[in-house]
Amino acid sequence: MRKQLRLSGSGGQGVITAAIILAEAAVSEGKNAVQSQSYGPEARGGASKSEVIIDDEKIYHPHVKTPDFVLAMTQKAADKYFHDLNPNGTLILDDDLVPNSPDFKNIIRVPITKLAVERLGKALFANIVALGVIVKVTRLVDFETIKKSVANRVPPHTIEQNMTALQIGYDSV
Amino acid sequence: MSARLMQGNEAIAEGALKAGVRFFGGYPITPSTEIAESLAKMLPKVGGTFVQMEDEIASMGVILGASLAGKKVLTASSGPGISLKQELIGYAAAAEIPAVIVNVQRVGPSTGQPTAPSQGDVMQARWGTHGDHSIIVLSPWSVKEAFEIAVKAVNYAERFRTPVILLTDEIVGHLRENVELPTDIEVYPRRIPKKTRAEGYQPFTPDEDLVPNVANFGEGYKIHVTGLIHDETGFPSGSPKVTREQIKRMHDKISSADDEIIEVHQEFMDDADFAVISFGGTARTAYEAVLNARKRGIKVGFVRLITIFPFADKIIGKISKNLRGILVAELNFGQIVYEVERAANCPVKLCAKYDMTIFEPEEIEKSIDELVAEVK
Amino acid sequence: MRSYENFFRQNRLPHLWCPGCGNGIVMKAIVQAIEKNPNFTQDNTVIVSGIGCSSRASGYMDFDTLHTAHGRAIPFATGVKLANPALNVIVITGDGDCTAIGGNHFIHGCRRNVDLTVVLFNNNIYGMTGGQASPMTPLGKKATTAPYGSVDRPFDACKLAEAAGATYVARSTAFHVQHLVKTIEDGLKNRGFSFIEALVQCPTAYGRRNKMGDPAKMMAWMRDNAVMKNSWDKLPDDKKIGEKFPIGLFYQAESESYDESYKKVQEIAGGAAK
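Chains as they are written, first to last, in this note's numbering: chain A, 14 to 186; chain B, 4 to 379; chain C, 691 to 964.
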């Protein structure tokens with residue numbers, strides 16, 4: 014069955030990397046996946062959005078319509094991207110960075126960035142914490158699969174911390 | 004080999020490498036840069052050379068020099084960079100130097116909308132350089148096909164000794180999807196002289212397929228290469244006859260192989276009253292629109308131009324005889340639609356978009372409905 | 691037949707240059723320099739040129755020769771050299787070709803220290819198009835596009851090359867033939883970007899407009915105004931006046947050439963043997 018996700022935030026938060034890892038995990042489980050992205054000219058700050066479609070069938074039109082899950086890591090992203098959410102879908106928000114919840118029925122608030130800072134000392138790991146949350150909430154890929162995909166993507170000397178980040182996110186919901 | 008997630012731009016780099024490209028010269032520009040970045044990493048691993056040049060003009064110059072010295076070559080750019088390359092794309096056509104130029108299209112004119120997708124360089128790909136020349140332009144719709152077309156582009160460049168434009172767009176260039184890359188790849192080798200200098204070798208004497216077997220530099224042939232109109236010796240000639248014959252042969256060498264070069268992907272055409280024609284990343288959305296329209300009972304077929312130029316005149320002419328109308332969906336103000344109009348024997352309607360966003364399937368579907376209503 | 695004549699394509703001669711033009715002198719100096727260097731053969735040497743009077747030289751020289759587009763000789767030559775570092779690559783260019791339309795390629799060629807020998811035929815004018823001002827037309831001199839005298843400050847191409855990173859920079863003239871040959875010869879020996887500016891007389895497009903229509907007088911001007919570097923350096927500033935200019939070797943440095951540097955990249959990446 015087709016599942017559509019949108020990961021949004023600001024440049025530098027790593028939402029594009031998180032989306033790529035998720036798509037890689039889905040592919041390694043034998044599913045079809047496409048990942049696309051859009052971002053502003055800023056390398057840091059500015060709007061950043063990445064979309065992933067996962068399906069057993071072939072995927073043609075590459076962009077997400079009516080996402081089943083939206084992750085928003087900033088207030089701006091939350092306000093902008095929840096509108097076309099599937100009414101039965103889920104909006105995942107960074108508890109501290111999105112103080113005002115949009116008017117949507119199914120919201121999960123997780124202190125993603127705060128967990129990364131408090132438990133791992135760096136906001137840098139927020140995207141992997143978020144990935145842990147997403148995997149738990151969406152159940153689109155196996156936790157063991159996502160662990161392998163993260164390990165393949167991140168610099169070798171950061172694997173251990175990234176595994177911790179993933180686990181923290183996974184356990185937070 | 005199992006499937007893996009790969010980006011369109013990376014697939015182009017991989018395909019080029021598999022086809023034997025061993026030299027890349029380029030200049031960074033979004034959304035093409037991943038091709039340069041991939042090859043900067045991969046080329047030295049196989050003994051190849053990557054060089055970042057001072058601008059796009061130099062990037063073309065450096066690959067043409069490398070090609071003449073015997074290497075298979077590639078460059079990649081977008082928007083303004085492709086405009087700068089045009090001068091030496093013409094040089095490659097005139098001097099018959101194999102080279103592949105990748106254009107990952109973005110919104111123009113000028114700096115336009117960097118990183119946003121567009122298909123606005125279709126006619127530039129055909130006519131961007133000055134003067135009468137022939138050229139091959141190919142466009143992929145998926146990451147896997149980006150790989151395959153990169154191989155094909157390199158092969159055509161070598162076989163016809165011509166510049167080949169790999170015309171992709173931000174949609175496919177930046178898209179990541181699961182691919183299983185083919186391992187069995189046919190590679191066209193560099194053409195080599197069939198005669199020695201003593202036997203009267205002339206570098207620009209055409210072979211049976213009208214393509215000359217130009218020697219690489221450093222092999223003792225002491226050839227002369229110029230962008231001036233030249234005769235079979237390679238030296239400039241002021242003769243009207245030579246000028247006419249050279250320009251004609253450069254067209255004929257490609258047009259005589261049209262049937263082989265021109266590739267068109269067709270589906271649902273057996274019962275079709277209508278067809279949607281598209282190419283590149285837009286074709287993915289057009290395909291979904293066609294599927295949806297068919298579910299609603301509209302007999303519409305799907306036609307995708309893989310080879311953009313030489314244009315599929317004959318194929319469009321033939322299929323349009325059985326059609327009541329054609330919809331051309333392209334992510335620009337209207338370019339390939341004029342080629343389709345010229346070739347088609349039925350009404351042609353344009354579905355254009357030029358606002359930084361890609362088509363939604365509904366938009367193309369709506370145009371299909373309008374076409375159906377208009378021709379009734 | 692004199693030995694250097696073997697280096698010319700006899701069937702392409704006579705050349706198209708005007709009577710009295712200095713280009714032929716420099717072209718001959720190049721082949722004489724090549725003749726003196728056993729590492730440079732007709733089979734392993736590539737002559738690359740741009741567009742303009744100077745750049746027609748490539749067609750007369752019996753090597754693999756590449757007559758490129760206007761200003762683009764250095765990028766093409768860079769491609770030839772990097773694709774096959776075993777080849778010797780010589781670039782023939784002019785003042786307009788090299789310092790106007792090709793100016794960016796010129797400084798970046800110097801910066802990379804690609805192993806090329808670039809010989810700039812400086813006739814101070816666009817000759818082929820009939821005498822327009824170039825970036826090396828001296829102040830006050832007339833050209834069809836500077837009918838009241840040029841007000842554009844000219845480049846000193848040698849200073850430019852040195853500042854940009856060339857590892858051999860020298861100047862000579864069509865009058866100082868022995869010196870010119872030796873200067874090019876030394877340039878060929880340098881492993882890196884060698885730049886030689888060779889002043890040539892253009893009686894037709896430059897001299898005629900500037901009261902120097904006689905080629906012999908133009909060469910006498912070179913004789914009278916060129917000052918060897920050693921003497922020039924000893925001249926007090928108040929003597930470096932009028933049209934006097936220095937010739938000789940201005941700069942030479944040992945520095946790894948680009949193809950040698952890139953070989954290391956290939957070694958690090960593991961592809962050096964491939």
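Heads up, a few of these hints could be off.
Think about it this way: if two alpha-carbon atoms lie no more than 35 Å apart in a straight line, the pair counts; the simulated DSBU-like pairs of lysine-lysine are [claimed, not checked]:
no., chain 1, residue 1, chain 2, residue 2
1, A, K78, B, K225
2, B, K298, A, K44
3, B, K198, A, K118
4, C, K718, B, K225
5, C, K718, B, K44
6, A, K16, B, K197
7, B, K225, A, K44
8, B, K197, C, K907
Hints were generated in silico from the structure; no laboratory data involved.
It should be emphasised that the depicted structure is a prediction, and the values quoted were computed from it without experimental measurement.
Cross-check of the supplied hints:
With a C-alpha separation of about 61 Å, the suggested pair K78 (chain A) and K225 (chain B) falls outside the 35 Å cut-off, and the hint is violated. Our distance criterion of 35 Å between C-alpha atoms is met by K298 (chain B) and K44 (chain A), whose separation comes to about 25 Å. Annotation: proposed proximity of K198 (chain B) to K118 (chain A) is violated, straight-line Cα distance about 79 Å (limit 35 Å). Simply put, K718 (chain C) and K225 (chain B) have alpha-carbon atoms about 18 Å apart, close enough for the 35 Å limit, and the pair holds.
With a CA separation close to 44 Å, the supplied pair K718 (chain C) and K44 (chain B) exceeds the 35 Å bound. For the hint pairing K16 (chain A) with K197 (chain B), the CA-to-CA distance comes to about 58 Å; that exceeds 35 Å, so the pair is violated. Distance check on the hinted pair: K225 (chain B) and K44 (chain A) sit about 56 Å apart at the alpha-carbon level, beyond 35 Å; violated. Taking the CA atoms of K197 (chain B) and K907 (chain C), the gap is near 52 Å; set against the 35 Å cutoff, the hint is violated.
Going down the numbered hints, you'll see the structure goes against 1, 3, 5, 6, 7, 8, while the others check out.
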